[in-house]
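K.L.:
Since the structure of chain A is provided, determine the placement of chains B, C and D with the ligands on it from the hints.
Line by line, the protein sequences give chains A, B, C and D. Heads up, the first sequence stops at 322 in the numbering used here, and the numbers go up one at a time, no gaps. Heads up, the second sequence stops at 322 in the numbering used here, and the numbers go up one at a time, no gaps. Heads up, the third sequence stops at 374 in the numbering used here, and the numbers go up one at a time, no gaps. Heads up, the fourth sequence stops at 374 in the numbering used here, and the numbers go up one at a time, no gaps.
Just so you know, nobody snuck in bad clues.
Derived BS3-like pairs: lysine-lysine, alpha-carbon spacing no greater than 30 Å straight-line:
no.: 1; chain 1: B; residue 1: Lys-21; chain 2: C; residue 2: Lys-250
no.: 2; chain 1: B; residue 1: Lys-192; chain 2: B; residue 2: Lys-179
no.: 3; chain 1: B; residue 1: Lys-45; chain 2: B; residue 2: Lys-179
no.: 4; chain 1: A; residue 1: Lys-317; chain 2: A; residue 2: Lys-192
no.: 5; chain 1: A; residue 1: Lys-21; chain 2: A; residue 2: Lys-192
no.: 6; chain 1: A; residue 1: Lys-21; chain 2: D; residue 2: Lys-250
Hints were generated in silico from the structure; no laboratory data involved.
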Amino acid sequence: MMLSMVKALNDGMRHALEADKRVLLIGEDIGRLGGVFRTTDGLQKDFGEDRVVDSPLGEAGIVGSAIGLAMRGYRPVCEIQFDGFVYPAVNQIITQLAKIRHRSSGAVHLPVVIRIPFGGGIGSIEHHSESPETYFAHTAGLKVVTCATPQDAYSMIRQAIASDDPTIFLEPKRRYWAKGDVTEAQDPPLDKARVVRPGNDITFIAYGPTVDTALQAADAAEAAGHSAEVIDLRSLSPLDTETVVSSVQRTGRALVVHEASLSHGVGAELAARVQHDAFYFLEAPVLRVTGYDTPYPPSKLEHDWLPNIERILSATKRSFSY
Amino acid sequence: MMLSMVKALNDGMRHALEADKRVLLIGEDIGRLGGVFRTTDGLQKDFGEDRVVDSPLGEAGIVGSAIGLAMRGYRPVCEIQFDGFVYPAVNQIITQLAKIRHRSSGAVHLPVVIRIPFGGGIGSIEHHSESPETYFAHTAGLKVVTCATPQDAYSMIRQAIASDDPTIFLEPKRRYWAKGDVTEAQDPPLDKARVVRPGNDITFIAYGPTVDTALQAADAAEAAGHSAEVIDLRSLSPLDTETVVSSVQRTGRALVVHEASLSHGVGAELAARVQHDAFYFLEAPVLRVTGYDTPYPPSKLEHDWLPNIERILSATKRSFSY
Amino acid sequence: MAELQTPEGNEPLHQLLTPDGSTAQDELLSLDLATVDPCALYRDLVLTRRLDSEAIALQRQGELGLWPSLLGQEAAQVGAAHVLLEQDMVFPTYREHGVAHCRGVDPISLLGLFRGTTLGGWDPYDRNFNLYTLVIGAQTLHAVGYAMGVLRDDAMGSGDVNRDTAVLAFLGDGALSEGETNEAFVWAAAQQLPVVFFCQNNQWAISAPYRTQSRIPAARRASGFGFSGIRVDGNDVFACLAATREALNKARSGGGPTLIEALTYRVNAHTTADDATRYRSAAETEDWTNRDPLARLHAYLSAEGLGDTDFFADVDARSDALAERLRAGCRALPEPDPTLPFEHTYADMPDDLRQQLREHHAFVASMERSEAPQ
Amino acid sequence: MAELQTPEGNEPLHQLLTPDGSTAQDELLSLDLATVDPCALYRDLVLTRRLDSEAIALQRQGELGLWPSLLGQEAAQVGAAHVLLEQDMVFPTYREHGVAHCRGVDPISLLGLFRGTTLGGWDPYDRNFNLYTLVIGAQTLHAVGYAMGVLRDDAMGSGDVNRDTAVLAFLGDGALSEGETNEAFVWAAAQQLPVVFFCQNNQWAISAPYRTQSRIPAARRASGFGFSGIRVDGNDVFACLAATREALNKARSGGGPTLIEALTYRVNAHTTADDATRYRSAAETEDWTNRDPLARLHAYLSAEGLGDTDFFADVDARSDALAERLRAGCRALPEPDPTLPFEHTYADMPDDLRQQLREHHAFVASMERSEAPQ
Ligand SMILES: Cc1ncc(C[n+]2csc(CCOP(=O)(O)OP(=O)(O)O)c2C)c(N)n1
Ligand SMILES: Cc1ncc(C[n+]2csc(CCOP(=O)(O)OP(=O)(O)O)c2C)c(N)n1
Ligand SMILES: [Mg+2]
Ligand SMILES: [Mg+2]
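Looking at chain A on its own, in the form it has when it is part of the complex (with noise of 0.2 Å):
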C-alpha cells in the first residue's frame, strides 16, 4: 500500500494503541488538531482524550509527566512539536528519562517514546529545521533512531514503542509526504542499520533525511563511474558499527551525510570508528558531507547550506582524488 510517512507514523501508532492499552499519546496539539503535521489525525477522536492527551504548553512537563506514566505502568509516546523545541525537556531527558534504569539498577524501566520531526529543508522559520541527535545520541541511557521510509516509519514507531528503553525516535519532516509502499513485510531489528543501495567503489553514510539525497547522488556517481553503496543507519544509538565497516572493508573508501552541524556531529563517531575498525582498508579518509558549524540559517540559504547532492558529489571525487 502507498502510504506517505505521516500516514504511516499514524497507523504505527493506531495499531500500538489497539494492540496495548497502556500505550498513551502525550504532546501539544495531537489531539483535537491531530498534530501540526497531522501525524496523530483522528487518534484522539478514535481512543480518547486519555489515550491521546492535549498536554499544556510545556516540554518538561510532557517527558517528566510520560516519566511517571512509565513508572505506573504506561507506555507513553511523546510529541515534541518541532527539533528547536525539545530543550526544555532536555534536563528530565537526560538527568532522569536516560539514568533512571541505571539508577534503580534495573528496578525501573522506561518505556518512554519522543517522537521529533526534524531537519530542515521545509522553508521554515528559526528553531523549526535542526538536527540535534548528536545530543541524544551522546546521551548513555537512550535509543536515538530515524526512520527514512514510511516502510521504516510504520514499522519503527511500533518497535519504538515495544521497547522496554527509552527511545528518541526522530522524524525527517521534509520526508513526511512522499508516499512509499508499506507491507507487514519482517522488519529488521530496530537497532540495526541497512544497506538500502550496493556498490562497491564508495560507502555513502546517511539517516533520516539525508538517505534520498544520498540515493540520488549514488545515481549520479554512477553516471561518473563511481558504484556507491548506500546504507541508512536508522539507529544512532546503538550504532551498527558492523555494517558500516564491513561495507567499508569492501569499498575502500566513506563519506558520511547528515544535516547536523560537521563538528562533534554523528559524522564525527563514525568517522573515528571506520578509521579504527577499517584501519589498513581505507584508501582515503572518512569524508562527511554536513550542516556548517553555524546556526541553522535562514530559508532562503537552507538549500545551499544542507548536505546536497552536489556537495556530496564533489566530495566523492574528492575520495577518490587520494
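P.N.:
Chains B, C and D with the ligands alone, transformed into the frame defined by chain A:
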C-alpha cells in the same frame, strides 16, 4: 606564586571585577557562602550583592537573566553549581545564548561566561561528576574551553570574561586543590591548544582533568621506551586542529583521553579530523581512552570507570602493535 | 461582555470603553482622557490591522512563508505600546506587530523573518524593541535580566522621567505553562524588578483552549508569586493603555512587577499554516469578531465628534499607503548573502569555520557557474 | 512561635500542638486524637532522628561520603508519612529519611547512595517509595505523571479505600523556584490530579535564605495556579499529620491537588560537606533548636500520661538497636560489581557496549593481577 586552581580562579574573577564594573557574577550560593567550592570566596564581601549575586534556585533563570543583563551592557559570569545541574539551563543556552548573535546578524553580542565545575573522581553522588562538554561543543555559537592548571585557570577565566562570545568555561573540579605556579606571564590565545610535554612516538590529546593523567602516563610510557607528546587542548570549540595534526604528523600515532562517554564524545571529532588531515601519516588508528557508554557509576566504581594511567598505557601498547 | 468562563469562577474584568463605544467607570482603573490621543490610537489600530491583513495577503501570494496574525488583538498591543517611553525596553513574542509598529520599527523589517531572508530583521537597540522570540517563554527571562541591569544602573526610582526605565515583556496564555515563564515571575517578584508582564490571553495556544493550561484567570498567577495581577478587557484600548501605564509607572518608580492579563481573542488561525476549523467553532469566532476593538473606538470617536470624515479618510489613506509600502518593500527585501551565517556565529570567525566558509563559497560559485545559461 | 517573616506579611500558621506540648484548637485543621497513635508517632520521631545522627557519625568515620541531615524536620516527615496508605506513591527529594523509615524502607538501604555503592538502593515499588531524586524539582513532574496514571486507572474517587490512590511529592523551599516544579503545579491544577505537594520550608536552600526565592509564604504559591495551599507548623507532628491526611483524602476522592507548606528549620548544615556558619547566625539556629519537635510530643505524652518510663525506655532501646544495625549494616553494604553500569544502562546490552564491557573486564582483571601480593 603557588596557588590552587580555586584560588587562581578567584583571583582571575577578582581581577575582572576590578577592571570592568560591567562584570558581574551570578549563581547559586556564590555570595555569602563563596560557592560550594569557595571559588568566589570573599568576592561578594568586596564587590557587593549587586555584583556578586546570590540567585534564586533556577538555572534557566541564571542563564536567561544573564542574557538580559548582557543586552543591557553587562558581562555576566554565571556559575552552575555542578555539571549535572546545567540541563535546566540548556534551553536558554542552546536556543538563545548561542543563537542571538546570529539571529540579530551581529547587532546583539552576548559576553556571557558560564562556569561549570565538571568531571569525576571526587567520590561524589550522582550528577556531581559528569562531563557535558560535547553538548556545548556541538552547539555553534558557543565557545567551550577548559583549564588544566592554576595558571591557565587564572588567565583563561579573564580571557573568557573579555571575550564577546558566550563561553562555556569548564573547571576540572578534581584538580581544584592542586597547587601550581601562577604568574602574569603572557598567555596563549583562549582558542589555542598547547603542547605540555614534547615527544616523538605518540601524541596524547587530553583536556581538563585528564591532562594530568596523560602526563603521568607519558612518564610511565617513557620508561617502556615510548616518547609521548602530550597536548592540552584547552579549547574544545573551536578546536585547535593545527596543533594536534602537526603533532600527529610527526608522531604518527594519536590517543585521545577524556572522561565523557566514548560515543559522540570530543574524541570522535578529534579522530575524524586527525584521520582526515594526517591520513598519510598515521601508523595506527586514532585510539580513544574515555568514560564508557554508561551513565556515571557510583563512586566506588569511578576509579576503574574513568580513564586512568593503566588504561592509557595499554592503549599505547595497542597503538604500537599496528 | 461575555467573559472567558474558567471553572474556578472569574476575576473582575476591568473596562473603560464598553463594546458600544461609550466610556465606563471602573473601580480600579482610571484614565484622564486629556492625557490620551484617541485619534492617534485609532490610527495605530487601523494601521496595525492593515499591516496584518497585508502580510496575510503577501503570504497567500507566496511572498511570505508564514504569518502569525494578530487580528482581534490590536487594542491590547496598541494600548500597551502607547504608554512606553523611549528608554523602556520591550521583549515581544512573535505576534506583537502592533507594538513594533507603534515603537517605530519599520513594518517592512517585520516581514524578513517570515520571508526567510533573515532570522531577525531589525536592530533591537534602535527602538528598544527586541527581536521576536519564537521559543515560548524564553523572552520573559531576558526581560528579567534586562530589568536587573536597569536596577543596577540606578535607572529606577530616581524620579527622573527621562531616566527611570521599565521593561515590558509580552507573552501568551500558553506561555504561562512554561517553566521558564514561571521562573521569570520568581525572579521578578523576589527582586522587585521593574518589569511588566503583558499577557495577551487570546484564549488559544494553537489548538489548546485556555482551560488546557489553567482553571483560573491568568491574572491570578501573579498572586502565587507575590505581585499584583490585573485582568483587563483586551479589546478595550483605553483599559489596556491605562493598566499598562499604571504598571509601567509602578515599575519605573521601584514598585516592582505587575502581570497584566488582556483578555482578547485570536480571531484568525494560529498562523497562516494553521487550520482553526479543526478545533474550534465558527460560532465562537463569530461571537468574538463582533467585539471588534476598532469598531469600539470608531464608535467612541464618532459619538464624541473627535473623528470627522476627513480624519477617517486620512487614516484610510495612510493605511493604503502602508499597504503599498509593504507590498513593494516585501518584494524588495534583499536576499541574504550565503556568508551571513558564517559571519555572525562568532565575534571573530574561528579558523576552521573560515575554512568551511571557503569551501562553501567555492561550492556556491560552482553552482552559479553550472546554473548560468549555456 | 515566631514565624518566618516574609516582607509581604504572613499566612496563618496552623497548629494543633503548641511548643509546650499542649493541644490547640485551629479554625481550619481538626484532628480526632482517637484516630492517631501518639506513641507510634513519638517512636518514629526518635528513630528518625537516631537514623540521622547515626548516619552523620558514619560520615564522620569516613563510612559515608556525604549525608544530608534532616535534624529539626522529623515532625514534618513523620506526620506526613503516617497518613499514607499502602497504595499511595511517594516521590521524595534526598532528605526524606524519616518518610523512608515510616514507609518501611530498610534504613540501611538509604546509606548506599551516600557510601557510593549505588545510585539508588531500594526498589521503589517495594514500598511505593521512589528513589531519592537529586535534581531539584524533577520529581514533582514524575509525581504528576504517576497521578495521571492513577486517574486513568480509575484509582481515584471510586470510594474504595483500598483502591483510591494519592501521590505525595516532597520538595524544599528552594525547589519552588525551579521551572519544573511550577510546571508540575500547572499540570496538577489543570487536570485536577490526585497529588499532594509537601513542601518542607526549612528556610534555607543551602546558603540561600527563603527571601532569596520569594517575598511571600510558600503556601500561597498554589493560589496562583488555582489550587489550595496551607501553611502548617512543621515542628508540630499533629498539624502535619492532619493537614496531610486531609489533603491526601481530598486527592483520593478526586478533589485535586494541595500544596502543604510545613514551616520548619534545617538545624544542621545543608549536608555534612556544608559549613552553615558562613551564612547564618548561631543564634538563629539556637532559636530554632529550642522548638524541637520531639520535645514537644514528649511533653504531650508525659502530660497526657501516655508515655510512661517503660515506654520511653523501650523507645530508647529500639533506637539503640537501630543504631547498632546501621553501624553494622553500613559496613556490610556490598561493593558494587564493575559490571553494574554496563548491565543496567539498557534493557539488553547493545553489542558495542558489550564490547566495552569485555575490555573493562579484561582491564579490571589485569589490575587485580598486578595488585595481587607478589
Ligand atoms: C518551547 C516551545 N514549545 C512549543 C512551541 C510551538 N508553539 C508555537 S506557538 C505555540 C502556542 C503559543 O500559545 P500562546 O502562548 O497562547 O501565544 P499565542 O500564539 O496565542 O499568541 C506553540 C505551542 C514553541 N514555539 N516553543
Ligand atoms: C537543578 C539543581 N540545581 C542545583 C542543585 C544543587 N543543590 C542541591 S540541594 C540545593 C538546595 C535545595 O534547597 P531546598 O529545595 O530548600 O531543599 P533542602 O535542601 O532545604 O531540603 C541545591 C541548590 C541541584 N541539586 N539541582
Ligand atoms: Mg494564546
Ligand atoms: Mg530548604
